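Asks: Start from the sequences, fold in the hints, and give me the full structure.
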Amino acid sequence: NAGVTQTPKFQVLKTGQSMTLQCAQDMNHEYMSWYRQDPGMGLRLIHYSVGAGITDQGEVPNGYNVSRSTTEDFPLRLLSAAPSQTSVYFCASSYSWGGTEAFFGQGTRLTVV
Amino acid sequence: GQQVMQIPQYQHVQEGEDFTTYCNSSTTLSNIQWYKQRPGGHPVFLIQLVKSGEVKKQKRLTFQFGEAKKNSSLHITATQTTDVGTYFCAGPARGSSGGSNYKLTFGKGTLLTVNP
Numbered sequence: 001n002a003g004v005t006q007t008p009k010f011q012v013l014k015t016g017q018s019m020t021l022q023c024a025q026d027m028n029h030e031y032m033s034w035y036r037q038d039p040g041m042g043l044r045l046i047h048y049s050v051g052a053g054i055t056d057q058g059e060v061p062n063g064y065n066v067s068r069s070t071t072e073d074f075p076l077r078l079l080s081a082a083p084s085q086t087s088v089y090f091c092a093s094s095y096s097w098g099g100t101e102a103f104f105g106q107g108t109r110l111t112v113v
Numbered sequence: 001g002q003q004v005m006q007i008p009q010y011q012h013v014q015e016g017e018d019f020t021t022y023c024n025s026s027t028t029l030s031n032i033q034w035y036k037q038r039p040g041g042h043p044v045f046l047i048q049l050v051k052s053g054e055v056k057k058q059k060r061l062t063f064q065f066g067e068a069k070k071n072s073s074l075h076i077t078a079t080q081t082t083d084v085g086t087y088f089c090a091g092p093a094r095g096s097s098g099g100s101n102y103k104l105t106f107g108k109g110t111l112l113t114v115n116p
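Protein sequence lines correspond, in order, to chains A and B. Under this note's numbering, the first residue of the first sequence carries the number 1, and numbering increases by one thereafter. Under this note's numbering, the first residue of the second sequence carries the number 1, and numbering increases by one thereafter.
Source of the hints: derived by calculation from the structure; they are not laboratory data. What you are looking at is a predicted structure, and each value in this text was computed from that prediction instead of being measured. Among the clues, some could well be false.
[Said to hold, decoys possible] Computed footprint of chain B on chain A; a stretch qualifies when at least three of its residues, placed anywhere within it, have a C-beta under 8 Å from a C-beta of chain B: (1) 40-46; (2) 99-107.
[Claimed, not checked] Taking lysine-lysine and the DSS-like style, the derived pairs with C-alpha atoms no more than 25 Å apart in a straight line are: (3) B:70 with B:56; (4) B:36 with B:70; (5) B:36 with A:9; (6) B:36 with B:59; (7) A:9 with B:108; (8) B:57 with B:36.
Using N, Cα and C, we set each Cβ at its ideal position, and we do this for glycine too.
Replies: Below you can see the structure in the form of structure tokens.
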């Protein structure tokens, strides 16, 4: 069991570039989410999904897109990277929406220059 | 919307001292979860509390859920250097779509450092 796998682990982008952060889980979890972590700000929810084909916005969704075509995958797209999107990004999955343990990926450290 | 507030933001202790972090929600929670994140690592689930007034222990860690289910605490007895990290509480909040659509909202965390 790999759990939650995020790729890449590190990425440097230029302002205006786009990219996709990948997240895959092999636990057949319905609920998946993306968080960003900045110093002193904790974990802020970007987008989440309660199942294939269903997504919703979190606290800080602007500048990010998501889709959920399969149960296993939940990619996060940065449309036009900005320095304010420099952060550590975590993907998480859980069996249900908020009543069970969330499993986190190893994180992606993104720097936008 | 629901907010989960956590205090203190930072706590530095001498090894062997006790440590407590507190979590407060603006709304009643159906459950609360606690996570630990080691420096450079990812959050790892510690425990979930569901019942009003519930107390659970894991070795030197004691978790409490308030009677009104709006606050919680994590207490570590006799801290060790292995306890270093950031401790987060998290609770479910209703999503914008309503219905059974919920999202997991985290507090800002308490960073614990331990001086050996």
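Asks: Each of the hints needs a verdict: does it hold here or not?
Replies: We went through each hint and held it up to the structure:
1. 40-46: holds (count 6)
2. 99-107: Satisfied; 9 residues make the cut.
3. B:70 with B:56: holds, 17 Å
4. B:36 with B:70: holds, 20 Å
5. B:36 with A:9: holds, 20 Å
6. B:36 with B:59: Answer holds: residue 36 of chain B to residue 59 of chain B is near 15 Å, not above 25 Å.
7. A:9 with B:108: holds, 23 Å
8. B:57 with B:36: Given pair residue 57 of chain B, residue 36 of chain B holds - Cα atoms ~15 Å apart, limit 25 Å.
Going through the hint list in order, the structure satisfies each hint without exception.
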